[in-house]
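Novice: Sequence:
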Amino acid sequence: MNRLKEQLYRSMLVFFLISQFAVGGVRAYEEIPVNNGASVKGTVKLSGPVPSPLRFRLTMGAYPEHCRPLADTDGNVLLPRARVSKDQNVQDAVVFIQGLERGKPQGKEGPKLTVNRCQFDQLVLAGMDGTALSLVMNDTVLHPLRGWEMLNEGRIPLFHFPTMETGEEQSAKLTTRRSGMVKVECDQHRFMQAWILVPINPYFSKTDEDGQFQIDDIPPGTYTVSVWHPSLGYLEQPLTVGANEQQSLTFQFHTTHPEKNQVQ
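Residue 3 is where the sequence shown starts when you use our numbering, and the numbers rise one by one after that.
By construction, these hints were calculated from the structure, which means they are not laboratory data.
Everything numeric in this text was worked out from a predicted model, so none of it was measured.
Each residue gets a CB set at the ideal place from its N, CA and C atoms; glycine is no exception.
Keep in mind that a hint or two might mislead.
[Stated by the list, open to error] Distance condition first, Cα-Cα at most 20 Å in a straight line; then the derived EDC-like pairs of lysine to aspartate or glutamate: (1) K175 x D131; (2) K47 x D89; (3) K208 x D219.
[Claimed, not checked] Computed Cβ-Cβ distance ranges for the label pairs, DEER-style: (4) A30 x P146: 32 to 40 Å; (5) P146 x E111: 20 to 28 Å; (6) D218 x P71: 37 to 45 Å.
All chains should be built: construct the whole structure from the sequences, respecting the hints.
Specialist: Following this line, the structure appears as structure tokens:
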């Protein structure tokens with residue numbers, strides 16, 4: 003098993019334990035006024051080489067001519083494992099606060115994932131447990147879409163939309179049983195993959211192209227702040243905040259040797 007997969011499986015195990023504890027011992031999230039809330043912002047960084055993208059042979063999927071603009075000169079489609087800025091800041095990491103059972107109102111809208119010309123418009127999304135994922139089909143060829151809850155020992159099916167037409171929109175409730183991690187795939191194109199983290203409260207933020215995040219309206223208290231990335235793994239730090247306090251955190255993932263870029 004390669005090093006990146008080991009990191010991913012370790013992060014899955016952590017989320018398995020977190021969500022098992024949440025199901026067994028934590029009340030459902032309760033919305034309350036937060037008038038003296040604190041905030042935390044910061045950066046997620048990478049120390050070491052950027053993981054090589056996954057390579058997929060274009061001709062192994064359906065409609066190769068339609069999808070050809072995605073391919074390189076060798077006929078391979080590259081799927082990034084991590085998007086990192088020139089300053090080694092990590093995009094698409096999800097930062098979230100554990101253990102918050104009461105706090106600011108949760109957003110009513112869930113994440114949206116759009117299909118454009120044989121690819122998803124995002125690699126990583128986040129949506130609170132119980133909200134709905136919106137799937138939008140903007141392509142003119144068939145893409146049967148499936149969602150899976152990912153576990154160490156396998157995966158659990160969550161949804162399947164086999165025949166979405168151009169312009170169609172479907173929704174799927176984001177309720178996971180064990181891990182809080184969802185993978186969305188196309189049955190006909192292995193290079194179409196997206197990941198969704200499903201936290202149990204609204205205190206989360208996905209890093210932007212500069213690796214920046216910010217979480218606001220945090221009730222005063224002591225918490226664990228965690229960051230997850232589907233290829234880089236999982237990190238956490240303690241956080242104690244007072245009323246109206248602003249704090250900064252930096253997370254740093256570590257990689258050692260670049261992995262060989264083999265065709266899948």
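Novice: Are the hints correct? Go through all of them and say.
Specialist: Verification of the supplied hints:
Only pairs whose Cα atoms come within 20 Å are accepted, and K175 paired with D131 is accepted, the gap being roughly 8 Å. At most 20 Å may separate the alpha-carbon atoms for a hinted pair to count; K47 and D89 meet this at roughly 8 Å. Between K208 and D219 the alpha-carbon distance is near 16 Å, which keeps this suggested pair within the 20 Å criterion. As the Cβ distance of A30 to P146 is approximately 34 Å, the hint placing it in 32 to 40 Å holds.
A hinted range of 20 to 28 Å for the beta carbons of P146 and E111 is consistent with their spacing of about 25 Å. Between D218 and P71 the beta carbon distance is about 40 Å. The supplied range of 37 to 45 Å therefore holds.
Checked against the numbered hints above, the structure breaks none of them.
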